[in-house]
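Protein chains: 2
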Amino acid sequence: MKFLHTNDADFRDKFSQLVRRSDMDMSGVMPTVMKIIEDIRKDGDDALFAQIAKFDKFTPTSTQDLLISTKQMQEAYDALDNTLRESLKLAYERIKAYHEQSVPKTWSMRDEHDVLLGAKYTPVDRAGLYIPGGKAAYPSSLLMNAVPAIVAGVKGIVVCTPAIGGNVNSLLLAAMHLCGIKTAFKIGGASAIAAMAYGTKSVPKVDVITGPGNIYVATAKKLVYGEVNIDMIAGPSEIGIIADDSANARHIAIDLLSQAEHDELASSFLITPVEAFANEVSKHVASELKSLKREAIAAESIRNKAAIIVAKDMQECVELINELAVEHLEIATNDALSYMNDIRHAGAIFFGHFTPEAMGDYLAGPNHTLPTGGSARFYSPLGVENFMKKSSIISIGRKGIKELGKACMNLADAEGLGAHERSVKVRLEDF
Amino acid sequence: MKFLHTNDADFRDKFSQLVRRSDMDMSGVMPTVMKIIEDIRKDGDDALFAQIAKFDKFTPTSTQDLLISTKQMQEAYDALDNTLRESLKLAYERIKAYHEQSVPKTWSMRDEHDVLLGAKYTPVDRAGLYIPGGKAAYPSSLLMNAVPAIVAGVKGIVVCTPAIGGNVNSLLLAAMHLCGIKTAFKIGGASAIAAMAYGTKSVPKVDVITGPGNIYVATAKKLVYGEVNIDMIAGPSEIGIIADDSANARHIAIDLLSQAEHDELASSFLITPVEAFANEVSKHVASELKSLKREAIAAESIRNKAAIIVAKDMQECVELINELAVEHLEIATNDALSYMNDIRHAGAIFFGHFTPEAMGDYLAGPNHTLPTGGSARFYSPLGVENFMKKSSIISIGRKGIKELGKACMNLADAEGLGAHERSVKVRLEDF
Chain L
1 MKFLHTNDAD FRDKFSQLVR RSDMDMSGVM PTVMKIIEDI RKDGDDALFA
51 QIAKFDKFTP TSTQDLLIST KQMQEAYDAL DNTLRESLKL AYERIKAYHE
101 QSVPKTWSMR DEHDVLLGAK YTPVDRAGLY IPGGKAAYPS SLLMNAVPAI
151 VAGVKGIVVC TPAIGGNVNS LLLAAMHLCG IKTAFKIGGA SAIAAMAYGT
201 KSVPKVDVIT GPGNIYVATA KKLVYGEVNI DMIAGPSEIG IIADDSANAR
251 HIAIDLLSQA EHDELASSFL ITPVEAFANE VSKHVASELK SLKREAIAAE
301 SIRNKAAIIV AKDMQECVEL INELAVEHLE IATNDALSYM NDIRHAGAIF
351 FGHFTPEAMG DYLAGPNHTL PTGGSARFYS PLGVENFMKK SSIISIGRKG
401 IKELGKACMN LADAEGLGAH ERSVKVRLED F
Chain C
432 MKFLHTNDAD FRDKFSQLVR RSDMDMSGVM PTVMKIIEDI RKDGDDALFA
482 QIAKFDKFTP TSTQDLLIST KQMQEAYDAL DNTLRESLKL AYERIKAYHE
532 QSVPKTWSMR DEHDVLLGAK YTPVDRAGLY IPGGKAAYPS SLLMNAVPAI
582 VAGVKGIVVC TPAIGGNVNS LLLAAMHLCG IKTAFKIGGA SAIAAMAYGT
632 KSVPKVDVIT GPGNIYVATA KKLVYGEVNI DMIAGPSEIG IIADDSANAR
682 HIAIDLLSQA EHDELASSFL ITPVEAFANE VSKHVASELK SLKREAIAAE
732 SIRNKAAIIV AKDMQECVEL INELAVEHLE IATNDALSYM NDIRHAGAIF
782 FGHFTPEAMG DYLAGPNHTL PTGGSARFYS PLGVENFMKK SSIISIGRKG
832 IKELGKACMN LADAEGLGAH ERSVKVRLED F
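Top line first, the protein sequences correspond to chains L and C.
With my numbering, letter number 71 in the first sequence gets 71, and the count goes up by one each step, no holes.
Quick note: to get my numbering, add 431 to the position in the second sequence (first position is 1).
The reader is advised that the hints may include incorrect statements.
[Claimed, not checked] Okay, the calculated beta carbon distance ranges per label pair: (1) C:Lys-837 x L:Asp-335: 51 to 57 Å; (2) L:Asn-7 x C:Gly-584: 31 to 37 Å; (3) L:Thr-61 x C:Asn-438: 51 to 57 Å.
[Stated by the list, open to error] Footprint (simulated), chain L over chain C, 3 or more residues, beta carbon under 8 Å: (4) 466 to 479; (5) 591 to 604; (6) 768 to 780; (7) 814 to 825.
No lab work stands behind these hints, which were simulated from the structure alone.
For every residue, glycine included, the Cβ atom is placed at its ideal position computed from N, Cα and C.
Using the sequences and the accompanying hints, generate a full structural model.
So, in structure tokens, the structure goes:
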């Protein structure tokens with residue numbers, strides 16, 4: 001596992017490579033993805049069916065072949081063992097309760113000129129949720145994307161998920177039932193993004209597309225951005241942990257591994273002011289690794305993408321973590337909450353010794369769809385607001401235009417926009 | 432001026448062309464813009480200086496040559512005539528007061544498991560505002576982009592504006608002084624977007640880029656999206672008006688023209704249930720056109736991009752306007768506010784007979800940077816939230832992990848993520 005010390009002469013060089021960790025190079029897949037999108041835009045279902053046959057290893061001939069029936073979802077849900085079903089329901093309820101706290105609220109006020117001003121929030125008509133399949137078919141991804149859309153009040157929720165050979169993961173089906181999904185398609189990758197962005201005979205055009213995916217999905221989302229809105233462009237998952245020796249080194253080692261087991265490209269960072277603690281965590285990482293089912297993936301991630309940074313004090317730890325702007329940030333110290341105001345950039349912050357990231361991945365309540373690769377500097381976690389938009393509200397009466405109209409005319413005149421000026425002038429004249 | 436009647440046999444065909452009015456085809460300029468961005472990314476200032484010499488007709492040789500001094504801004508502000516200066520100040524104050532109403536608020540709560548949950552909002556470190564120059568150098572654009580960034584608390588605000596021959600519009604300079612801009616560069620077009628997205632020796636890398644621009648600017652914003660966040664991809668401006676014969680036909684005609692005078696590609700729509708009123712507005716458009724300084728532009732816009740739609744009743748007007756999802760929507764009827772809940776998609780809604788769009792363009796308070804081309808279905812007006820992002824907050828104690836941990840382990844196990852499961856298990860075991 002890579003070790004960095006902030007007092008090393010080459011520290012800034014090495015650290016800046018960690019800061020620039022996500023150089024997601026889309027140029028390699030760009031031509032392929034552009035072609036997929038263009039074909040679906042031009043030929044609709046014909047292109048879509050052909051792409052599914054090619055990439056997803058089954059051959060649909062009608063819309064019916066693409067649809068996942070609600071009966072199938074119900075059966076999968078009923079077949080769950082009771083404990084797992086209860087756990088899934090608990091997650092759903094907690095995620096829902098959290099997101100209900102953050103619904104943007106319509107507001108209005110009247111100012112001293114009797115002008116009515118405000119903002120009105122409305123859900124988008126249709127949202128498209130992309131949920132990966134295969135090895136990474138996670139029912140939690142469905143909950144985390146569907147619940148904010150449901151809470152926003154979106155009427156038309158459409159799910160796309162790849163079904164290799166026509167089969168969909170049964171846990172994912174069960175989660176669809178739990179979320180009350182009515183419209184779900186067996187469509188994967190860039191084809192799904194293109195179909196939802198432009199619409200085909202089978203797939204309705206949506207207004208917003210959210211959800212994780214590989215580089216093809218990320219590239220397709222970037223390319224359709226503007227035609228629809230998207231949540232963010234996400235890369236491999238990552239964790240940053242600030243801990244001192246009040247933390248349990250074995251716990252911290254496992255938390256690092258819980259990120260590493262996702263993906264060979266996932267990144268895990270520990271920043272600590274205590275060198276001895278750093279060494280201990282490193283030893284536990286090596287020994288815990290061996291007990292993992294996904295040992296090979298985690299080992300490669302730890303080897304290539306992980307780092308332990310020994311800093312001079314907690315203040316330096318905080319400065320470095322702000323530079324990294326990580327997706328998941330754990331602060332495992334006795335006074336973790338006291339750093340609340342110091343953290344400027346992070347997708348989600350997990351405070352204290354009993355808040356492993358996994359709790360947030362499944363059921364703490366906040367969304368697990370989070371900005372990666374440093375984009376927590378400007379992106380937010382997925383939320384209800386991704387499925388709503390606002391309209392500004394303005395209503396001016398006689399009093400308002402009389403008191404404010406002349407200033408507006410001055411500004412319009414200064415910008416050389418005569419009809420703008422005149423639209424106010426005629427109203428003042430015609431009183 | 433084009434007339435459509437909803438009871439015409441070919442109405443849906445014609446109307447759907449209006450709905451699909453913005454097919455912003457970036458493919459023509461894409462290679463040029465990609466090259467501009469790649470060059471700046473690779474060669475920094477050298478490429479930037481060369482591009483400015485080529486496109487903006489002056490030849491910078493140092494950072495100093497690019498910078499607009501605060502002294503210059505102050506002088507331009509002092510040189511304004513008093514009335515205009517007061518009008519600009521009034522606009523600034525009103526825009527600021529409105530945006531202060533909509534600052535997203537950090538919140539937290541404890542649930543029944545003593546779990547602390549919340550969301551924390553922080554401003555981005557640096558924002559880049561692109562303000563067009565030349566014919567479309569509008570000080571109002573600067574106010575509308577700078578004020579929400581200021582209200583959000585952004586410390587590093589950077590402005591770029593093209594300076595053809597090295598000269599910057601003096602009104603724009605004055606507006607910069609009013610907003611307290613400290614860092615402004617004479618850089619235009621895609622070069623400015625690239626420089627702010629990737630940073631050069633002269634231009635600091637920012638986190639968010641906002642502001643209007645031509646097809647080169649829009650394409651550059653789309654290409655750098657993900658490296659930075661952007662506000663939206665905007666096309667030509669547009670207005671939709673619902674009016675009945677309680678409105679003054681001449682006023683409505685001028686409101687249509689106030690959009691048309693912006694740009695040959697701007698769109699203006701009137702939807703009314705009263706045929707006689709439609710005819711009257713059309714006559715006024717023809718006669719008012721002649722008095723405009725920007726007659727040629729407005730005439731071409733009205734000829735190619737405007738339409739009057741005669742509907743059977745107000746309900747149909749509302750349905751059609753929701754399909755159009757226009758940037759600016761005026762409702763000019765006596766009972767305008769009663770339609771508040773029926774309007775689902777619009778950038779800004781102007782209610783009543785004394786609320787011409789121009790008032791919102793300059794000083795009503797809400798932002799004039801609004802989604803165009805139907806993207807009000809999913810984009811919001813520019814606001815304080817574009818310059819902030821949130822971090823989710825989670826803190827679980829012993830009670831919380833004891834009561835919720837097992838469910839988390841079940842879900843992690845079901846997804847095959849062993850280290851996730853284990854990160855909870857060890858904490859429960861080590862109690």
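Cross-check of the supplied hints:
For the pair Lys-837 (chain C) and Asp-335 (chain L), the supplied restraint of 51 to 57 Å is violated, since their beta-carbon distance comes to about 28 Å. At about 33 Å, the beta-carbon gap between Asn-7 (chain L) and Gly-584 (chain C) stays in the expected band of 31 to 37 Å. As the Cβ distance of Thr-61 (chain L) to Asn-438 (chain C) is approximately 40 Å, the hint placing it in 51 to 57 Å is violated. By the rule of at least three residues with a Cβ nearer than 8 Å to a Cβ of chain L, the coverage given for the segment 466 to 479 of chain C is violated, with 0 such residues.
A count of 1 residues in the segment 591 to 604 of chain C with a Cβ less than 8 Å from any Cβ of chain L is obtained; the coverage claim is therefore unmet, three being the minimum. Coverage of the segment 768 to 780 of chain C by chain L holds in this model, with 9 residues showing a Cβ closer than 8 Å to a Cβ of that chain against a need of three. By the rule of at least three residues with a Cβ nearer than 8 Å to a Cβ of chain L, the coverage given for the segment 814 to 825 of chain C holds, with 8 such residues.
Violation of the numbered hints given earlier is confined to hints 1, 3, 4, 5; the remaining hints are satisfied by the structure.
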